[in-house]
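Q: Whole structure, please, built from the sequences with the hints as guidance.
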Amino acid sequence: MVNSKFLKFPFVVFCALFLALACKEKTEKSSLPKLGTAAFDFNCFDLKGRTWKLDEVRGKFLLLRFWNDGCPSCRFEMPVIEKYYRKLKNEGFIVLAVNVKQSAAVAEAFTAQLDITFPVLLDSDGKMTQRYGVYAVPTNFLIDRQGIIREIFIGEVFKEENFLRDLLKHYFQR
Amino acid sequence: MFFFRALNLLVPKTSQRKKFISSILSAFITTLILLSSPGSGSNGRPDDETIRHKGQRLSIKWDPLTRAPLIIRGIESNLLEIKNFSKLSRKEITHTGPLLVNKYQSLLKIEPSQLKLKGAEKISDTWYVSYWQTFQGVIFYESSLGFSIDSHGRIKSLGALIYPNVQAPVTSKISREKALKIGQGQIKDFKKLKCRLVAESILIYPVRKTNSVDYYRVYAFNFFPEEALHPATTEGGWAVFVDSQNGKVVLFEILMKPLGCCVPEDWVPPKPEEMKPKW
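Sequence lines, in order, name chains A and B.
Taking the numbering used here, the leading residue of the first sequence gets -12, the next gets one more, and so forth.
Taking the numbering used here, the leading residue of the second sequence gets 296, the next gets one more, and so forth.
Careful: at least some of the hints might be erroneous.
[To be verified] No more than 20 Å apart at the CA atoms, straight line, and that leaves these computed lysine-lysine pairs for PhoX-like: (1) K70(A) <-> K543(B); (2) K356(B) <-> K35(A); (3) K70(A) <-> K398(B); (4) K35(A) <-> K21(A); (5) K417(B) <-> K473(B); (6) K74(A) <-> K156(A); (7) K349(B) <-> K417(B); (8) K70(A) <-> K146(A); (9) K21(A) <-> K76(A); (10) K398(B) <-> K411(B); (11) K451(B) <-> K356(B); (12) K483(B) <-> K146(A); (13) K504(B) <-> K88(A); (14) K47(A) <-> K74(A); (15) K349(B) <-> K451(B); (16) K70(A) <-> K40(A); (17) K483(B) <-> K473(B); (18) K146(A) <-> K543(B).
[Unchecked claim] Per the computed footprint, the stretches of chain B lying under chain A, defined by three or more beta-carbons under 8 Å from a beta-carbon of chain A, are: (19) 355 to 365; (20) 418 to 427; (21) 452 to 461; (22) 475 to 481.
Bear in mind the hints are in silico, worked out from the structure with no lab data behind them.
Remember, predicted model here, so these are calculated numbers, not experimental data.
The beta-carbon is built from N, C-alpha and C at its ideal position, and this holds for glycine as well.
A: Encoded structure:
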């Protein structure tokens, strides 16, 4: 009798642990950003030393772009994005370009070469990149005024400027 | 007796006051020094300044570590104006970088021959041209010098991450095969994951320290597993930099999944449906 009670206890503990781990696993799997869900908050410095959080850009249409100096697509898409940023920034369009794990000097030189005026954030430890499940650059998230992810684009999509023009037209005419 | 006791009491009081005054003074002097040189670099020169160079006013942002320009902008004038720009061929346009370096060599402190073309693209009416910096023909990792040229041939500014006055080895002391073996050894389960060497090169790898930069001549290897890793992981492969002088690993970095960068053009990334989950 004592023995069976004694045996029951580790079994219950094992079941509890199993359930906890299963839940954790499920949370981790479902914690990547998805279309139609709320974007994750972040806390990142830009090249000028200003801290950016998702709450600060709520109410604006946000293009959150993860990039790296090493990829040609990242480079040659930027002028197209800059063009539409300048056109639409007064209408509530904002671009936050997150540099993935490179130094401020690399990002600074890159920004100057392409005459970029939108904020360039530094994710030097890669935490924000990981949080957003970014596995390749460039990756772009289009986040609406309520903070909901509307589009996710992986790879080169904006070099043909008509695509970005039509995309923004679609969302800004709503 | 009373006098001596009073003196004994006085001594510590005086010394405490002195300490107090000296600490206030030192704090005051430190504050003054800090305030007098806002954002100044290691040699006392500010990181951002406006200078006159051969009669031209320029705004310069200096790299605080190397004291090379990160950004040069012309004030009320362009850095360079290329005549008959619309008639130039792509090849001729890519020669603009050496011209620019030649004009501002005393500021950039590198030779025009040290540039190697990274890319040149025309987007709308503007050309975007960028270069690597080289040392004895070897590319500096993450180096760049680039600018845009408008339809009238005007270059208003340049951005650069360059390294002047470099002391780096010009030859390798260990073989590529030995370095490769060392590189492969850094990856856990190299054989099990069927890792492929997808890209390799010899690079100058500048390591930025607090007050100086160390330059390593490295064998750089990019490895990717033949079978994709877990689909949910952001880890795609690994970069290993092996010091060509002594075989030490100076960089081990996780690479993202291949998507048009860091791998040769003939590399075909696995399709999402081919990435079977491992659980």
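Q: Which hint numbers doesn't this structure obey?
A: 1, 3, 4, 5, 7, 9, 12, 16, 18 and 22
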